[in-house]
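Asks: What follows is the residue order along each chain.
Protein chains: 2
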Amino acid sequence: MKKMVLGIDIGGTNSRLGFVDENGCVLARTRMATQAQEPPDRLWARLWDEAQRLWCGLLSLPGERMDWVGIGIGAPNAHRGRGSIEHPPNLGWEIVPFLDLVSEKTEIPAWLANDANVAALAEGRFGAAKGVDNFLLITLGTGLGSGLVVNGSMVEGASGFAAEMGHIPLVDKGRQCGCGRQGCLETYASATGLKRTLLELWAERGGNSALLSMPPMNLTAEQIGRAAEAGDELACEALTITAAHLARGLVTVIHLLSPAAILIGGGLSLAGEGLMAPLRRDVERGLMAVFCGSCQIRLAGIPEADLGIMGAGALAFQGLEFRSAAKD
Amino acid sequence: MKKMVLGIDIGGTNSRLGFVDENGCVLARTRMATQAQEPPDRLWARLWDEAQRLWCGLLSLPGERMDWVGIGIGAPNAHRGRGSIEHPPNLGWEIVPFLDLVSEKTEIPAWLANDANVAALAEGRFGAAKGVDNFLLITLGTGLGSGLVVNGSMVEGASGFAAEMGHIPLVDKGRQCGCGRQGCLETYASATGLKRTLLELWAERGGNSALLSMPPMNLTAEQIGRAAEAGDELACEALTITAAHLARGLVTVIHLLSPAAILIGGGLSLAGEGLMAPLRRDVERGLMAVFCGSCQIRLAGIPEADLGIMGAGALAFQGLEFRSAAKD
Chain P
70 MKKMVLGIDI GGTNSRLGFV DENGCVLART RMATQAQEPP DRLWARLWDE
120 AQRLWCGLLS LPGERMDWVG IGIGAPNAHR GRGSIEHPPN LGWEIVPFLD
170 LVSEKTEIPA WLANDANVAA LAEGRFGAAK GVDNFLLITL GTGLGSGLVV
220 NGSMVEGASG FAAEMGHIPL VDKGRQCGCG RQGCLETYAS ATGLKRTLLE
270 LWAERGGNSA LLSMPPMNLT AEQIGRAAEA GDELACEALT ITAAHLARGL
320 VTVIHLLSPA AILIGGGLSL AGEGLMAPLR RDVERGLMAV FCGSCQIRLA
370 GIPEADLGIM GAGALAFQGL EFRSAAKD
Chain R
70 MKKMVLGIDI GGTNSRLGFV DENGCVLART RMATQAQEPP DRLWARLWDE
120 AQRLWCGLLS LPGERMDWVG IGIGAPNAHR GRGSIEHPPN LGWEIVPFLD
170 LVSEKTEIPA WLANDANVAA LAEGRFGAAK GVDNFLLITL GTGLGSGLVV
220 NGSMVEGASG FAAEMGHIPL VDKGRQCGCG RQGCLETYAS ATGLKRTLLE
270 LWAERGGNSA LLSMPPMNLT AEQIGRAAEA GDELACEALT ITAAHLARGL
320 VTVIHLLSPA AILIGGGLSL AGEGLMAPLR RDVERGLMAV FCGSCQIRLA
370 GIPEADLGIM GAGALAFQGL EFRSAAKD
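Note that the protein sequences, when read in sequence, are chains P and R. For the first sequence, this note's numbering assigns the number 70 to the initial residue and increments by one for each residue that follows. For the second sequence, this note's numbering assigns the number 70 to the initial residue and increments by one for each residue that follows.
Don't read these hints as lab results, they were simulated from the structure. Quick caveat, the model's predicted, so the values are computed rather than measured. The reader is advised that the hints may include incorrect statements.
Because identical chains cannot be distinguished in the list, a pair is counted as satisfied if it fits within a single copy or across any two copies.
Said to hold, decoys possible - Keeping only pairs whose Cα atoms sit at most 30 Å apart, straight-line, the calculated BS3-like set for lysine-lysine is:
1. K199 x K396
2. K71 x K174
3. K264 x K396
4. K174 x K264
5. K264 x K242
6. K174 x K72
Kindly generate the complete structure, drawing on both the sequences and the hints.
Replies: The following block contains the structure:
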């Protein structure tokens, strides 16, 4: 009997769900609009209907019989201990006891945790950090998301909301951040941060760059990376500066936690070696001798489309294991 | 039968040893010069002789019979996994397999770990962080030492040398640090950092202060704290600036790890409310809303003279518990 869990990834715009096996394979998946303005019980009703449709489809396939043993859910601002989603950015909710909604529909055991933390669980169980006890996953997109594993366990801290690396103070009186404070790491080290740096550089220096022929809103880190490879000076310099800022953040984490690996995912990671080469160099330069060579900086392993589902699946499998260990 | 462990704290100048019971009481203690120029096996021979002398003294006392069940050792640059002390600052040693020296003299089980980490163990087992699963201990003296406990376990990371908070990069192109790099947190947030700030302020502004009548070498954080309480402007401002720098370091740790408590010990903590009041204020101001009020900042609980011995004792008791749990 093949054990399967349902993994649900609730996002600000879209939510994804799929069934995951013990090897991390996603055997059926789908996506729907979150419709942030709707109440959360409506979203859960739609997710549940879709999940049952997917499950019936799976059962009708030939092959090994399957058993649906758990449900994992990843969401922004989710609190694992309380089973709630609390004031999620981009969703108009207050504090939602989401696991209570789940248990009204089903007796299948369910777990809920923060989306960035479950992404780290996915990399640790199925991806580029398999078997690694101490690692950091950062996702560089609009902002900087992060998930931390220390001594083999997810770090959530006393508040339940740890691993907000995007908001560590990097530059005194620096750039305005969406969180209301100034100089947070993510205002420099993210896909958006890279664009801000590119435009700031051009504002200071002027000059020519093919990138200026595109609307900044649509510009991607991948395009800036390709321009740098083609020799565009503005692009090269913006990537070098972004790498230097991110390196300071990583040096801080390495001195505090000495992870064996730091995985980098999200849109900015698509900038490629124009980012990764100066990043690795600046990190090594910034470390005390005792840490040199102790931390591998590499690209995240799981494609973004499956990361949330696999993370939620990893959360459910971990929950089931703890439960069975506690029974022994 | 009362279970006792020997706790040994190896320092650059002096080493301390004592017998610790399960409640953290130090029942016999002594201190000796480390004599850093001697080979480590000579130091161990002297420590072992002293330990036996102390033990004989304890056995001759009336009362409950005692059983010597373990040995714990804290030392600078100690690597727990390898049982070695590696290139310790202030000691002229290379890599010393210290636990091998111990096992040549005795079959009593022994554990070795970094001095700052065992200090955190002491606070977690016997002191101001009893029962707290996530906390940070920082010791502000000549430098900034730190020990971290996450999800109830000591953080040593992949290298075995984690929790070097004193060397996180705080100020870009900032003050020269003893580690060879620039702008490390401890060049600002330590007893020495406070003195550097005081003299820098005076160099910029001139003016009068009673503190300038003392040789800076001998000036203590406690004296600066008392001067601030008496209204000395230079002292007040130096403490405020030092608190602001330290606050940025603590805000970083809280965003990453969300500890329930941060304990502050060492000479700088004796500056009192002149430091602690602006520190607490600046930390709260620097946090994202979700972390506000989630972390208590308080003074460390164990007097410095016993901290190393009690930490080494806590390490031994923890080792014995793991061993007996593994046998079950």
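Asks: If a hint holds in the structure, say so; if it does not, say that too.
Replies: Hints, one by one, checked against the model:
{"no.": "1", "hint": "K199 x K396", "result": "both (26 Å within a copy, 28 Å between copies)"}
{"no.": "2", "hint": "K71 x K174", "result": "within (23 Å within a copy, 55 Å between copies)"}
{"no.": "3", "hint": "K264 x K396", "result": "neither (52 Å within a copy, 57 Å between copies)"}
{"no.": "4", "hint": "K174 x K264", "result": "neither (45 Å within a copy, 64 Å between copies)"}
{"no.": "5", "hint": "K264 x K242", "result": "both (19 Å within a copy, 25 Å between copies)"}
{"no.": "6", "hint": "K174 x K72", "result": "within (21 Å within a copy, 54 Å between copies)"}
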